[in-house]
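Peer 1: The residues making up each chain are set out below.
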Amino acid sequence: MGAIFTPGLTVTEHHIVQKDRRLPIEGDVDVEVGDVVEADQVVARTSLPGKVFPANVANQLGIDPGRLKAYMTKDVGDSVVKDEILAETPGFMGMFKSEAKAIVTGTIESISTVTGMVILQAAPIPVEVDAYINGRVVEVIPGEGCVVQAPAMMVQGIFGLGGEVKGEIANIEGGAHEVLDPAHLKADHAGKIVVGGAYITLKGLKRAVELGVAGIVTGGFDYDDIKELLGYEVGVAITGGEDLGLTLIVTEGFGHIDMAPATFKLLQSKEGRRASINGATQIRAGVIRPEVVITHDDEEASAEKFVPPEPTGISVGDTVRGIRAPWFGKIGTVKSLPVDLMAMESETKVRVLEVAFADGHDAILPRANVESIER
Amino acid sequence: MTARWLTLLFLLALASPAFADSAPSDAANSDDDDSSVIGVGNDSAGDDDDSAAGLEAPPGLMEAAAVAEGSMADVVKVPAPTELTVTAPKHNSGLNLDLSWTPHPDVEAARFTVARAESPDGPWEMRVEDLTPDITTYTDKVAEDPLNKGVRDQYYYRVLALPRGLRAQADEANLTKPADRFAFLDAHANSTPAIAGEPKGVWLNTSVGFLLMALIVLTVGGLMFWFTDRARKGKEVFIRRIPGIDAIEEGIGRATEMGKPVLYVPGIDELQDIQTIASVLILGEVSKKVAEYQSDIIVTCCIPLVREVADEVVKAGYYQAGYPDAYRSTNTRFISSEQFAFCAGTNGIILREKPATNIYLGRFFAESLILAETGFVNKSIQIAGTAEATQLPFFIAACDYTLIGEELFAVSAYLSGDPRLVSSLKASDWIKVFCVASIIVGTLAGSFGMDFVVQLFTAAGH
Amino acid sequence: MRTTIPLVITFVVGLIMLGEAFIPHWMYRIVTENILEWGVILAAAAFVLGLINLIQVNLPKVLAREPEWGYKLVMLVALVATLVVGFMGGGDRLSNGQAYKWVFDFVFVPLNATMFALLAFYIASAAFRAFRARNMEATVLLVAAVVVMIGRVPIGEQISERLPQIVNWLMEVPNTAARRAIFIGAALGAVATGLRIILGIERSHLGGD
Amino acid sequence: MLLLSAFEWLVRFQHMDRRWIFLGMAIAIAIPMLFPFTSEFSVDRSVKDAWQAVEDLPEGATVYISADFDPGSRPELEPYYRAVLHQLFTKDVKIVSATLWPAAPPLVFPIMEEIAEVYGKEYGTDYCFLGFKDGKELAIKSIGENLPKTYPVDFQGTPIGDLPVARGFKQLKDFPLIVLVSAGFPGIKEYVLQVQGQYELKMVGAATAVSGPDYIPYYKAHQLAGISSGMPGSAQYEKLVFLEHPRENLVHPERLLGIEGVNVLNLGHVFIVLLIFLGNVAFFTTRPKGVE
Amino acid sequence: MSIDPSTIRSVLATDCGSTTTKAVLFELTDDGWRQTYRGEAPTTVEAPFEDVTRGVLNAAMEVQELSGRTLVDGDQIKTPDQGDRDGVDLYISTSSAGGGLQLVVGGVVRSMTAESAMRAALGAGAIVMDTFATNDKRKPHEQIERIRQLRPDMILLAGGINGGTVKHVVAIAEMIAAARPRTRLGGGFNLPIIYGGNSAVRPQIEERLKDLSDLSMVENVRPIMEEENLGPARDKIHDLFMEHVMAQAPGYDKLMDWADVPIMPTPAAVGMIIQTIAKQRNINVVGVDIGGATTDVFSVFDDAFNRTVSANLGMSYSISNVLAEAGLESILRWVPFPIDEKGLRNRIGNKMIRPTTIPETLEELQVEQAIAREALRLAFIQHKEFAVALRGVQKERTIADAFRQSGSGETLVKMLKLDLIVGSGGVLSHAPRRVQSMRMMIDSFAPEGITDIAVDSIFMTPHLGVFSSVHAEAATTVFEKDCLIYLGSCISPAGEINEDKPVMRVQMKLPGGGSMDETLGFGELRLIEASREDELKGTFTPLQKQLDLGAGPGKPVQQVVRGGVCGIALDTRGRPGVQVPMDERRVPTLTRWVEEMGEYP
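Line order of the protein sequences matches chains A, B, C, D and E.
Those letters in the first sequence? Residues 42 to 416, per the working numbering, in order.
Those letters in the second sequence? Residues 3 to 464, per the working numbering, in order.
Those letters in the third sequence? Residues 17 to 225, per the working numbering, in order.
Those letters in the fourth sequence? Residues 23 to 314, per the working numbering, in order.
Those letters in the fifth sequence? Residues 17 to 617, per the working numbering, in order.
Everything labelled a hint here was simulated from the structure, so no lab data went into it.
Be a bit skeptical, because a hint or two may be false.
Stated by the list, open to error - To give an idea of the chain E side of the interface with chain C (calculated C-beta under 7 Å), a few residues:
#	residue
1	Thr-414
2	Ile-415
3	Ala-416
A virtual CB, placed ideally from N, CA and C, is assigned to each residue, including glycine.
Hey, can you work out the whole structure from these sequences and the hints?
Peer 2: What follows is the structure in structure tokens.
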């Protein structure tokens, strides 16, 4: 076997990006195959069922649940307004009358003669899904959503926090090894996506939130800071829903690591361009990595659904990055792919590859400990 | 294991005869040793005033006495007692005076009568007519209705030595009115001179024993605050797990699964009994849990007032749990204030409504086993708790879990999980340590003849 | 507010009653006696509430012919009957021939005695079930129990002259010791419970906070 | 096969229907009632002390009796109550009595009346019954402090001042001896706690077998001059009053219920002990290995 | 489908995990049943392949290449065995791909019927996403919101004993109905709901849930308070797993077609083999499978089987969660060298985001194994808390209980009664030195008394589990011969140790004739080399009277002990948890233990 399957990150100027835009539940799709869509354009919409409010009406009336139906003034499916009377007992000569009122505005979902519960459902909550990127609709999944495709610059990060945002790319001064601290952030960064450096300090991040920065893309930050920021530890790398105030994308990993030069260069060149970024990360089978997408709006987007080639794995000559100590973050090219298992310092026997690192060193390391950088 | 045997040994030590006999024995004698003596009658004065006192009786009474005079032939006066003292008890309400006298050595079996007057000249009022010769002290209450009638600064007392047969003659003469009677008796008996006594009300009891008691109360309170404060600061308070208390929640769960109610019996004593109070407190927590499980709780009460309070507590529990609508007033029931009728009624509920869990917490008597056995037959989980030592064996034999003595008072703290309550348990634990230490010290001191230590504690008991 | 007022009342009254132990003066006593008297009156008044509760619980069930309503009916009839009989006869109620005495002698006495007598049977069955020498402590308890049971009745004395003495020792030494331990613990628990209520730390009865 | 069935029988025995036990108990109790026999027993020190305290009373003294029992505890306490009444009346001691148990009056007063009649004693002058007072501990406190205020009238409504026997007694302290016949709460314990210590009263009592052990500490601490507990105590008291030290004016009752009862108790106890023994034998021969 | 075990000579078993598909070949050789070859390939459930069978075929191809036996025939597994190493007689498989079987359970009381339902679900190999109960402290509307979010594969609803509560069960059913839950994988299917509660409530349940879901009824999981009846619910979950969950995952229809017996959820298969071994040898067993995302613990104590899934304790995806739950301090106590704390956190974080990496340096390995200890320890604690006796049971008390009224819900996992611990999962099965696995298990499980320790050599317990359902005898033979590698036994006294006094005296024959008689103090860890074949007679005496080696406190134990590939470990480092000094003595102490065991180079 000449190639190995190793997870890689896409960092490329030219990529055909496909985005699934799906509703959480069934709804209406507003677009058709072939439509050209803008990033902010709504492509599908639906209503989530409203919150449900159960109330024990039988107990409120002080009656046996079995007789509840007899006293209900409303039936299943009726809509009620808050404080409207749902049920009442006739009482005795005007006394001992009791009644139960609706606690929310909504419709009656069910009436139980066993538990005495009346379940009210509040008004539905509308949900809309936008196109996220500028592009063309290449597929419609009826009732669920569509696939938007566009040629674009694509940079995948390794870990992110926060969801989808869109904004202009703003680079900070200094190179790929710059530490992003509050001093780098300016008021006009508000609403933008700030790219920079090897590491962002907690203070820097807090400052960015204060300023209203939309997103940050950087090399690394401290694992400890997550807890500081969110109030809880992220024990399992499934993110995207954090309420952080901005979206953070880390391209290299935890700790102080320079952003890979290629990544840095690519983003640097996009100053002022509008990007769509998403911090959602899911490191499980079916991995999702955070991403920065800048569509090439001047290019003609194909209406044909692009079928990506099967991953080929790493071959000799590919650029790879070490992803575990002692080669963490170092970049080199694959020199050879020995077949035999080899014992590492830890005595673990693994498949290895030989890498010529950029600084001139050659090393043999486990194949699992590199990732290919796709260009 | 070791701890258990140590406890046993300790208990044995506790029961050792030395301790048993020395502890609260009749050592109260020392209490009034240095009491201020207000008036002391001496022998000679007594003799002198003997007849004078009698003669000075008001004229009206003299007439009454004269009526009975006719049949007075063979009554021979006996000498009056000597050394009458009238003192205000040391730490007193200000309404009592202690009288003490010595019977005259020449007479053997005289009966004594005590009389009181507001001035040395009378009018005299008979306080007690017939005291047997072995009684030589008397505590008089100087005023029945002090608020309206007031208390005087001084009262005068005389003690009469009645000759044998005098009372019978008074009876024969049909002297039923106390004033007439006294006039008659006074006329035919020797009396001590009038001795004055000043009742002295005290606002603060400063005897050693009471100070000790106050100290204990203050220490418990202080420790409680200290531990509470620690709890507030986040210091974890470790408390031994009591399975019986954990079982309460389990029992509620069982009842829920079985679709049956929980039965709660808060004992059969009055509301003011501390066990009933503790039980009602627990009921609050239990009903909260029951409400959380959306189950039912039946409370049966033997005392109407307890029912009223229990009902409120259950209602509050449901309210707290957020299910005020699930509360039903008719589930808190007064059965009967007659012990066994109550017992039979509760048994009826056990057999008919088949509660899955029976909780008996509070003060129980003979009905304990009858309830618990009926519950056992009904296959209920039963949790009992009482500080009534006589009923503990029955509960232990027939119930799944039994809370012994003080555990009962810890339950509400456990169930609520409130750190402030839990920390108060810690406080009473420390007092217990103090008690154990005092017992050991007391026992040792008693064994080596150092009585003052024992007396210190005896005083506290009175 | 809902809990504050009761807490204040509890604190004030509790403190006053606690003070009784330390302040002997009669003027103070008048205050505490009055409070106690209110308590007694309250308790007596609650009997009326108890009666109402009894009727509230039972009468609707009889009227609605709920399952086992017969028992409730018997209860209600007995309640009314006893009440009527109790008012009859005045001070002479206790004399033979009076209805109240009759009810007492021929209804109450046998019923009450029966309930109490049940104990003998229940003790037998509970003892049979519970007394198993499954471990060291249980064995000690079991032996002690048997000795006391036999030693307390004449047969014990016929078995051995020493038995009653052993029983007396058991009752007076280990038994008393254990009881004292329970007393002391319970008394402290009672003090702590009392203080908790007075100080407002305990408020389960008010529905917590 | 036989062994197996024996094993099974033992297993079943451990979980037998408790009604069999009830039946056995009933038989054990019925035998001595149907075929009375006598058995020898000696008198405990505490019972003797209780008896002695009454004996020591001077002639003509007045005692206070609190008769706090109900029909349930009647078998245990009535023999004592009767015996002590016999003892008091033969000694010409007068009696003021009352009760804190609502169910007691119809029970205790007729007995007192009956025995008084035997000795020709008169209500009001030789004995009186003040009736029931509610309030439990509070009532005891109140009696201790002021008897006439607590009981302004007797059970029939006669003012206490019109009862010569009670005349002149203001407090419990005025009585040379207090006799408590107590089936539980309120009873001996409450009397000791509420008034004994405070007034240094001399008290003797009779308690049920269940609560008897509760009062041993008081007896040991001399807070109770003597105590008779349960049926055996009653029987021993009867023995002292009627058999060992009969006063010449004693009128022997037809039956001595305590002494009869103790025989019932005899067999009852033996039955329970037998049950426990058999239960353990069955348990240990059938328990699976490894079970504690 | 009935298969005659005697006709089978070769079996191909695959386990489709969430990342890799492992194929194992069992053959009837001259030496009896053996596991012969093994291969693996990435799982192909997700895009771009979206067909699980591709991964299966890739893995089978690897076995084919290694064994020379033809296994793949075009796009098919070749069955039956044509003879001459052509095809296999039986193809079987397990699966945990796509996150395994995810269930939501509901019951009335959390610690009673809800727990019984949970036990049934876990026993069936499911991951329980959430448990709903009347007393779970959530208001009904919160429960409804949560059910809407969860999207489980199915719901198991229990509650009430037979003839018990109606109200509560109906309330939960109504709540589920109001949530209108949907399946995880979408599609036009109704969510399968299994009702195993109070049988008297069936009509009401039907009325409320029938139209919304694919409702099936099973016998009550808790017919009376005193008993559980989990079998029917478990079987139903398996059936529905096949019918619904599997049928919807890409490629599974084909796989189901290939497989000769129903595909089992991986954990259910592991549970099966653990139960089989415990039953056959009449011992108490604890099994653990530590994976990347989850750690499964299985136990069989006195025939009571329990399984727990610690969903967020794993060595890669959830490694940061181990750090979060155990705390840095707890992990540090196993790291035998000084380490910068912030650096350690970042390292763990990086492992989380790059879960497939392999520790290359020794330090990395040591850190990883330190984390593994904590993951195992925490998972075992969770297991002990779950594997408890039934709650809510009336007890017949005797006076013997007066002094110790033991509460209910005591754990069934009694360490002193444990005979065998079996570890599996990458970090244990693939540790460079076996003794590392042994120490990890001793440290994390803290076995008491005398306990055998073994690992699954190459993670084939799932395969054997499903194989045992066809041919139990063959499966246990392979389990003993090829799967289970006995590392040795651990001898450790239970009870709190007085650190200043001698702890244990060991008098024992040594392999090769010699003997030892030594007294161990506190904090010692010794390894005596002995193989599984050595049967060494020994007397082990606890020297402090509270310490227990299995014969009761303070009593000596005379027993034959056996070693394994590592030997016999004598451990006096404290129980119930190993005590590690956290001051400057930490590194020297840990180094001493490492050297004594010969753990690291």
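Peer 1: Each hint: holds or not?
Peer 2: Against the structure, the hints:
Hint status for E/Thr-414 relative to chain C: holds, with the closest Cβ pair at about 4 Å, below 7 Å. Below 7 Å, beta-carbon pairs count as interface contacts, and E/Ile-415 has one with chain C at about 5 Å; its hint therefore holds. The interface hint given for E/Ala-416 holds, since its Cβ lies 4 Å from the closest Cβ of chain C, which is under the 7 Å cut-off.
Going through the hint list in order, the structure satisfies each hint without exception.
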